[in-house]
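Take a look at the letters that make up each chain.
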Amino acid sequence: MAHVKTALVVDDSSVMREMVAQTLRKAGFELKLGANGQEGLDRLAGTAVDLIVTDVYMPVMDGITFVKAVRSRPEGRKVPILILTTETKPEIKQQGKAAGASGWIVKPFNPDMLLQVVAKLLP
Amino acid sequence: MDVHPHPSHARAGVFQCSHAKSAENRARVLALQAEVLEGLRQEFASAQDGLARAHRITSEAAGRLVQAFAQMSSAVHTLDELLETHESTMPAELHGELRALAIMMSTTSVLATESLQFEDLNAQLLDEVDARLKGLSHLSANLAAPSIDHQGHAACPAGAALDALATTLRTGLDELHTVKRTVLQRSLDPGEVDLF
Chain Z
1 MAHVKTALVV
11 DDSSVMREMV
21 AQTLRKAGFE
31 LKLGANGQEG
41 LDRLAGTAVD
51 LIVTDVYMPV
61 MDGITFVKAV
71 RSRPEGRKVP
81 ILILTTETKP
91 EIKQQGKAAG
101 ASGWIVKPFN
111 PDMLLQVVAK
121 LLP
Chain S
1001 MDVHPHPSHA
1011 RAGVFQCSHA
1021 KSAENRARVL
1031 ALQAEVLEGL
1041 RQEFASAQDG
1051 LARAHRITSE
1061 AAGRLVQAFA
1071 QMSSAVHTLD
1081 ELLETHESTM
1091 PAELHGELRA
1101 LAIMMSTTSV
1111 LATESLQFED
1121 LNAQLLDEVD
1131 ARLKGLSHLS
1141 ANLAAPSIDH
1151 QGHAACPAGA
1161 ALDALATTLR
1171 TGLDELHTVK
1181 RTVLQRSLDP
1191 GEVDLF
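Residue numbers (the numbering used here), protein chains in the order written: chain Z, 1 to 123; chain S, 1001 to 1196.
Treat the hints as calculated values from the structure; they're not laboratory data. Treat the numbers as computed from the prediction; the structure is a model and nothing was measured.
Among the chain Z residues that face chain S by a calculated CB cut under 7 Å, a handful are:
#, residue
1, E18
2, S102
3, V117
Note that the Cβ used here is the ideal one computed from N, Cα and C, for glycine as well.
Construct the complete structure from the given sequences, taking the supplied hints into account.
Spelled out as structure tokens, the structure:
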């Protein structure tokens, strides 16, 4: 039986979560959703995912802190993490890269482009 | 209250105030200042209320659009499945027309996915403007504080009180400068993609 891929989408905007989730569902992903970094970590507890898409600016725990926390866990060292944000400043992007993110996508995203990026990260 | 210069002052062009006149003018200035401060407070509150309502309305509208979009997406998916299942039994012309319709709806869904993201950008921009308004409101209230005491008389802070006021104003300015500008986008054109 084929492995069903799972993605975790973390964003404080319910509209963004739904847009990303629908895009990934069409590509066959099962979804876990979180409204901030802490909820993202909670959703990850004890389970592995194939892909994480996270926003940066969120209450409770921001996306950069969330990426660092995921990378500090054994099960999170290799999972591709895409940061999807309105932020365009190079210094913040550098922070995301240093935290361990795999890529940076500036909102609004194009769904076809997102799936192309995902295909590159998950061959 | 009359906020315009007194007509007699304008005609004379100079102020020659007696002690009594001076006290009267000072009282008028203080009353004017109090009125303007109250007006500013109300305007700031009104602007913040407008922002909060705009935030709620756009979020609610976007939520409904997302629901409608999800149903449309589901319908497109069903149509695709039906076309695949019945390709061999369906008249070729009908199949072609329905296939074209499905492709058109799929293309539209890409546009809708991009466009619905307006809600997130909009919400962040409204939050930023709200934070600036709060800072400006706080700053304007503190800026006027030293000239009127609790009884509505002229006040002149000195020493520690003046230092405290300077610190409060400086902090207020610093807080305004630290409000994050998280949205620089000017359109809904898709953003850049960078793989590390």
